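Novice: Following the hints, complete the assembly by docking chain B onto the known chain A.
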Amino acid sequence: MPTEQKADRLAVRKTYKLFVGGKFPRSESGRSYRVHGADGEFVANAALASRKDVRDAVQAARAAFGGWSGATAYNRGQILYRIAEMLEGRRDQFADEVRTARGGSRSAARADVDAAIDRWVWYAGWSDKIAQVRGNANPVAGPYFNLSTPEPTGVVGVVAPDEPLLGLVSVLAPAIVTGNTVVLLASAAHPLPAITLAEVLATSDLPGGVVNILTGSVAETAPWLAGHADVNALDLTGVADVELGTELERTAADTLKRVLRPPYAEVDWHADPGPGRLTAFLETKTVWHPKGS
Amino acid sequence: MAFEYAPAPESRSIVDIRPAYGLFVDGEFVAPADGESFKTVEPATEEVLAEIAVAGPADVDRAVAAARRAYERVWGPMPGAERAKYLFRIARIIQERARELAVLESIDNGKPIRESRDVDIPLVAQWFFYYAGWADKLGYAGFGPDPRPLGVAGQVIPWNFPLLMLAWKIAPALATGNTVVLKPAETTPLTALLFAEICQQAELPPGVVNILTGAGDTGRTLVEHDGIDKVAFTGSTEVGRQIARSVAGTRKRVTLELGGKAANIVFADAALDQAVEGVVNGIFFNQGHVCCAGSRLLVEESVAEDVLDRLKRRMTTLRVGDPLDKNTDVGAINSAEQLARIRALAEIGEQEGAQRWTAPCPLPDRGFWFSPTVFTDVTQAHRIAREEIFGPVLSVLTFRTPDEAVAKANNTPYGLSAGIWTEKGSRILWLADRLRAGVVWANTFNKFDPTSPFGGYQESGYGREGGRHGLEAYLAH
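As given, the protein sequences belong to chains A and B, one line each in that order.
Under the numbering used here, residues 1 to 293 are what the first sequence spells out, in order.
Under the numbering used here, residues 294 to 770 are what the second sequence spells out, in order.
Just chain A, with the same shape it has in the complex:
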């Protein structure tokens, strides 16, 4: 018996939670906050992450680091490309979310989504090339084999910019493609596309814990991330408040984290990103070995 479509069907709403260790938990604090669209209308409640959530996320990221950094570059590239494929399948959904968050035209939102998909593809291609561009054999003056290769730095804390999807992808993809794992603080103003992106990540063969996404107040959570001894690097691209940025840099100095500073000028997210965001979170390892019969 065919069911009749009711015009006034009551919609099933989505609960936006955190993304930690491949799962979608609520904040352990039980808190949430109201997220509004560009038009000022209420859209949904988002989880308000706490210090404990930061620590859980760092733990998950650390646990995932061995496997992810040990995966072949080819494998990581395949997975990033898979993320692009999954995102492509949800173009309309993301265009809607981007437009709700930021306003503007539908075509502008679509252009952002398309650029975000293409950015995953661009970084997928870097997986097995960055070592060929940034590594090399060193002709030392002696009977030694000497080779420098880039390696991921470890767990990277990322403060995502407010640009709802393209900015988010532009900071996330380069951090993970080289083998780092990430704890990402989503834009406080536009957290919802980040959690929807987590649904894409969770269905793309990306191992749980490689990307962990927290929503809530960046001003509250970022200092915990900057001070956490098991975080190796910090990307402050999304920190607009100069004072907060400086404070985070200072905190990070205690554990000598590598810091990608907040941008001085407004970022054009549609421009060719170059490899700078890859190299910001890479170490160079040089291996010596004697030569002799």
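Derived by calculation from the structure, the hints in this document are not laboratory data.
Here the structure is a predicted model, which is why all the values come from computation and not from measurement.
Beta carbons are placed, not taken as given, at the ideal position from N, Cα and C, and that holds for glycine.
Each hint should be verified, as a subset may be incorrect.
[Claimed, not checked] Stretch-level coverage of chain A by chain B, calculated; a stretch enters the list once three of its residues show a Cβ under 8 Å from a Cβ in chain B:
#1 73–80
#2 153–161
#3 286–293
Specialist: Chain B in isolation, oriented as in the chain A frame:
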């Protein structure tokens, strides 16, 4: 009590071989201008598989013109990111149709399904995936800020790794913005023709890839055509010389990947069982139809007897036969012509005084077969130590010192690859510095990866394929 292997044949039903194939020009299958054709046979059964078109001069003209049009109007001006997307699509379709391609490759070439399934086809997909990623990053590859494509590439490939050689040629050419006219080998055209269908499935713009089947004449016409900017050839050193001669005085760029007579050097301190496994893989992989095959075993005198005993024991366990059987180690020789050449050189080996030993294995009644064979008491002057046999035949020589190993390994006009087996790291690197070979494998052999450059010194050709270096052959800078 004897243990027997039960047959474990891979199903042929996955492939659909048409009775006849045309040429792939400008995005479509077309009949050759003068209607000529030849038959391609299955080397394991000698049965005819399909009727294949022969491309004549008019067809080459047409294909080169289509490639030129596609280069000027579509593929050359296209942003790298868009070219990348087409190549990623091709990589994905190859992954999706991997089993079909593997079975077809084994039927047409005679190689064991285990190799086409686990080596050839996965590498083909990987090659396209890797070069796809370069298409929008060429400015970072170290060839200047804005390296440009060359134009139309004429590419001629051999029968030993039909689809893999196609990928080595087409993936970097397309990633860098060139268009191609490719001629697969006369005896192995089928996977290239299936690849043409994959280009259609990927909606690759017409003319970007053109596939012309035929024999040596077709290849020569293509290479000598005025309308191409680049020649890429993999095959025999003899044909390589002809090509180098034919491009003299033109502005065509050339890369040649030719023959080899690689030394696999085993030191007394090597892990001998692993070394023997590597030696077996080095010469019997793909029936020895490998330009970088380790066809000369140089073994340190003090362990020579031990190594030979282990080698013979291992060789008696090799299974020769049906390429589609998943337990087969060594498949069919690709053609009657190649079988005759292997037999002739093996006979010369005996006549010149080397000791022949052949693994005792039953061979099928029909098809082209040659049992894994090893020659001892070989001197450096013997033809089986100097000439590329391109079959499952290993020549064994000995050495006493590392310097002697270097001298013997380098005593060849070739220089494609070499193998080193020792537990001593410093010796590996010392020896690698002294070997005149483009690829040196240490404690492994016959490893290939799209990120890793491949190509030879001396008469093994020039230019490198694979890796960042592989881009250079297709860029003007």
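Novice: Take the hints in turn and mark each one as holding or not.
Specialist: Right, here's what the structure says about each hint:
1. Counting residues of the region 73–80 of chain A whose CB lies closer than 8 Å to any CB of chain B gives 4, which reaches the minimum of 3, so the coverage claim holds.
2. Under a criterion of three residues with beta carbons nearer than 8 Å to beta carbons of chain B, the stated coverage of the region 153–161 of chain A fails, only 0 such residues being counted.
3. Three residues within the 8 Å Cβ limit are the bar, and the region 286–293 of chain A against chain B gives 5, so the coverage statement holds.
Taken one by one, the earlier hints fail for this structure only at number 2.
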